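Engineer: As they're listed, the protein sequences go chains A and B.
So the first sequence is numbered by numbering that gives the first Met the number 0: it starts at 0 and just counts up by one.
So the second sequence is numbered by numbering that gives the first Met the number 0: it starts at 0 and just counts up by one.
To be clear, the hints were calculated from the coordinates, so they are not data collected in a lab.
There may be inaccurate statements among the hints.
[Unchecked claim] Not the full set, but computed from the structure, chain B residues with beta-carbon under 7 Å of chain A:
1) Val34
2) Ala84
3) Phe429
[Claimed, not checked] Calculated lysine-lysine pairs in the PhoX-like style (CA-CA distance at most 20 Å, straight line):
4) Lys37(A) x Lys364(B)
5) Lys32(A) x Lys318(B)
6) Lys57(A) x Lys161(B)
7) Lys381(B) x Lys103(B)
8) Lys193(A) x Lys76(B)
9) Lys32(A) x Lys360(B)
10) Lys378(B) x Lys37(A)
11) Lys75(A) x Lys76(B)
12) Lys193(A) x Lys252(B)
13) Lys49(B) x Lys87(B)
14) Lys32(A) x Lys87(B)
15) Lys161(B) x Lys168(A)
16) Lys75(A) x Lys189(B)
17) Lys185(A) x Lys414(B)
18) Lys419(B) x Lys335(B)
19) Lys243(B) x Lys419(B)
20) Lys364(B) x Lys335(B)
21) Lys185(A) x Lys243(B)
22) Lys32(A) x Lys103(B)
[Said to hold, decoys possible] Distance ranges between label pairs, derived from CB positions:
23) Lys189(B) x Glu162(A): 42 to 52 Å
24) Asn52(A) x Gly171(B): 25 to 35 Å
25) Thr369(B) x Asp41(A): 23 to 33 Å
26) Gln138(A) x Thr208(B): 58 to 68 Å
27) Lys45(B) x Lys6(A): 20 to 30 Å
28) Lys74(B) x Asn52(A): 16 to 26 Å
29) Lys4(A) x Lys1(B): 35 to 45 Å
30) Pro72(B) x Gly38(A): 24 to 34 Å
31) Glu398(B) x Asp41(A): 36 to 46 Å
32) Ile175(B) x Asn173(A): 41 to 51 Å
The structure presented is a predicted model; accordingly, all values stated were derived computationally and were not measured.
For every residue, glycine included, the Cβ atom is placed at its ideal position computed from N, Cα and C.
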Amino acid sequence: MAYDKFKILNSTVVPMPIENVDTDQIIPARFLKATERKGFGDNLFRDWRYDSNNLPIKDFVLNNKNYSGKILVGGKNFGSGSSREHAAWAIYDYGFRCVISSFFADIFRNNCMNIGVLPVQVKPEFLENIFEEVNKDPQAEILVNLPDQFVEIKSTGNRSKFEINEYKKENLLNGFDDIDYLINIKSEIINFSKSTPL
Amino acid sequence: MKKTLFDKVWDSHVVRSLKNGPDVLFIDRHMVHEVTSPVAFLGLKKRNIKVLFPERTFATADHNTPTIDQHLPVKDKLSHNQLQALEKNSKDHQIPFWGLGHEKNGIVHVIGPEYGITLPGATIVCGDSHTSTHGAFGSIAFGIGTSEVEMVLSTQCIMQTKPKKMRININGSLSIGVTPKDVALYIISKMTTSGATGHFVEYSGNIFTQMSMEGRMTVCNLSIEMGARGGMIAPDEKTFNYIKGREFAPKGKNWVDAMKFWKTLSTDKGAEFDKEFYFDGSEIEPMITYGTNPGMGMGISGGIPLCNDSNGGGESFRKSLNYMKYSEGDHMIGKKIDYVFLGSCTNGRIEDFRAFSKIVKGRKKSDNVTAWLVPGSHKVEKAIKDEGILEILNDAGFELREPGCSACLAMNDDKIPPGKYAVSTSNRNFEGRQGPGSRTILASPLVAAAAAVTGKISDPRKFL
Ligand code: SF4
């Protein structure tokens, strides 16, 4: 289904300088039982956010009132592990529209783009700069500009370009999804299917 | 142009290529399970469309199913709902459905090959990252998200940019006690969990040609744990013999035609890869993991590396050891364990049960160990009984459960309790993967068996 359009996002960020954040942390398997795409944000990072008595774990960043915003900034190799799109849904449902990291796992990156969350990959040094800046000032804002493909740390003016393939970019800018595209070429697909041996 | 195995299969499935964008890739076979499909089916409903090719789609229930008393109604309400949703969706769209209690039921990646759904040269997807398993047959197989499940249901295609190509070559000979699982854990420990991200891997060398189909499945299954989109092995006589006669495999003239095509499926001499790695098979020991990602593995006789030696991830490494309550430099041999899990799409096939029983035969399960032995499918379960393995297991104090994913992802009741150590033959040792607070040690069925009879991490070579 079509989703929100993504153009320019200006927001404070939630920093999570941890490497290899896997999808089992983003949303543990026991919360994958829904048959609708609803309420996943409540269980985002469930086991890092709440202890076994369901009490908030104080030093986890989502429980720290100083940090909020529509951008999640994670360490290297973010989103590794399972293909569960629920991980991207949880991030979206919690209120994030963009995840910045120095490296993403493939399936997670695809899943994000398919639901309108923008994964932005920056150089490790730039990621460090963001963490440092937010450490100094939790209210530091980051600007994500999709049309011109750059991220900017507002307080310093420090900018970094990012890559995205043109087709996906168009989709995100317009809120289109792949299925719309594929349905339009259905007869071509059906023709093609006749040539496959199976 | 010289082509790799991967090129040959990918290129023959491209419906069209978008300029500066992804390829529209035709999918031959789509496996569906209860957890990642309901929202996709809802999407179809909203768009008011039907599954385009139900005959290319197969549904099974495995992720959240119980592994005891499967004949009774599923107690957990949410799981029950998901199972019912899949049953209804399959019916509405005329998809073959092998639900709980069906003789063909089992873990999606175990039953695909068992029934000849998995074929060389095919493109296969499923909403589960270990779909890479099917690459053992020379197919392109990978995990997809729910939006993509919806795409495939509605158009039999997905849109993806062609990944880069990597080849991992291993030659030499494996020493005693070294299984395909050890080969895979060894590769991941060298490559790290992100070393193959963006790539599709071909495994090559005599280590893989000599491996059984089950072993190849174990290796391809774990490709995703180094970040790869998938892994594949060129089909050979062993592959063809395995497939021949299976229910959904081609028959008669179709078989002859298929064989002609399948025999072309190998990498041309001189074809180029973006990256290539070489390892020596004789250097591999039985492996064990000590941390919270599958890349944190080592030979079982070794010591846990020092935090400062860990490549760039000092803090994350420390956090991981802290979760496991292990210290740098510790030896794993002799560490006490509480649970043993034999099963999953990584090591839940008949060969794995044969290996496990080899060690427990004539021995007894350690009293302090709870063991969950979960076959990957009813077919595996039947073979365990037919081959007399069940008797060996029972005599040694083990029981067999019913098929399913079970403690691999602990969505059902098979959860390792907080703080407990489990030696698992599955594929992920992430924090809480096997239940909140659980601590997972990944290993082969042989290492699991040695741990089950001694109650601690033990070198399986002493028992062979
Ligand atoms: S056994 Fe584990 S990895 Fe395999 S399909 Fe089931 S949940 Fe996924």
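Engineer: Could you run down the list of hints and mark each one as holding or not?
Structural biologist: Status of the hints after comparison with the structure:
1. Val34: Holds - the Cβ of Val34(B) comes within 7 Å of chain A, reaching about 5 Å at its closest.
2. Ala84: Check passed: Cβ of Ala84(B) comes within 5 Å of chain A, closer than 7 Å.
3. Phe429: holds, 4 Å
4. Lys37(A) x Lys364(B): violated, 44 Å
5. Lys32(A) x Lys318(B): Violated. Lys32(A) to Lys318(B) sits at ~29 Å, over the 20 Å cutoff.
6. Lys57(A) x Lys161(B): Violated - the C-alpha atoms of Lys161(B) and Lys57(A) are around 43 Å apart, more than 20 Å.
7. Lys381(B) x Lys103(B): holds, 11 Å
8. Lys193(A) x Lys76(B): violated, 42 Å
9. Lys32(A) x Lys360(B): violated, 39 Å
10. Lys378(B) x Lys37(A): Answer violated: Lys378(B) to Lys37(A) is near 37 Å, above 20 Å.
11. Lys75(A) x Lys76(B): violated, 38 Å
12. Lys193(A) x Lys252(B): holds, 17 Å
13. Lys49(B) x Lys87(B): holds, 13 Å
14. Lys32(A) x Lys87(B): Holds, at about 16 Å.
15. Lys161(B) x Lys168(A): Holds, at about 17 Å.
16. Lys75(A) x Lys189(B): holds, 18 Å
17. Lys185(A) x Lys414(B): violated, 44 Å
18. Lys419(B) x Lys335(B): Within the cut-off at roughly 10 Å; holds.
19. Lys243(B) x Lys419(B): Status violated; Cα separation ~44 Å.
20. Lys364(B) x Lys335(B): This hinted pair holds, its Cα atoms lying about 14 Å apart.
21. Lys185(A) x Lys243(B): violated, 33 Å
22. Lys32(A) x Lys103(B): violated, 23 Å
23. Lys189(B) x Glu162(A): 42 to 52 Å: violated, 28 Å
24. Asn52(A) x Gly171(B): 25 to 35 Å: At roughly 52 Å between Cβ atoms, Gly171(B) and Asn52(A) fall outside 25 to 35 Å, so the hint is violated.
25. Thr369(B) x Asp41(A): 23 to 33 Å: holds, 32 Å
26. Gln138(A) x Thr208(B): 58 to 68 Å: About 60 Å separates the Cβ atoms of Gln138(A) and Thr208(B), which means 58 to 68 Å holds.
27. Lys45(B) x Lys6(A): 20 to 30 Å: holds, 25 Å
28. Lys74(B) x Asn52(A): 16 to 26 Å: holds, 24 Å
29. Lys4(A) x Lys1(B): 35 to 45 Å: Given about 43 Å between the Cβ atoms, the range holds.
30. Pro72(B) x Gly38(A): 24 to 34 Å: holds, 25 Å
31. Glu398(B) x Asp41(A): 36 to 46 Å: holds, 37 Å
32. Ile175(B) x Asn173(A): 41 to 51 Å: Violated, at about 60 Å.
The structure is inconsistent with the numbered hints 4, 5, 6, 8, 9, 10, 11, 17, 19, 21, 22, 23, 24 and 32, although it conforms to all the rest.
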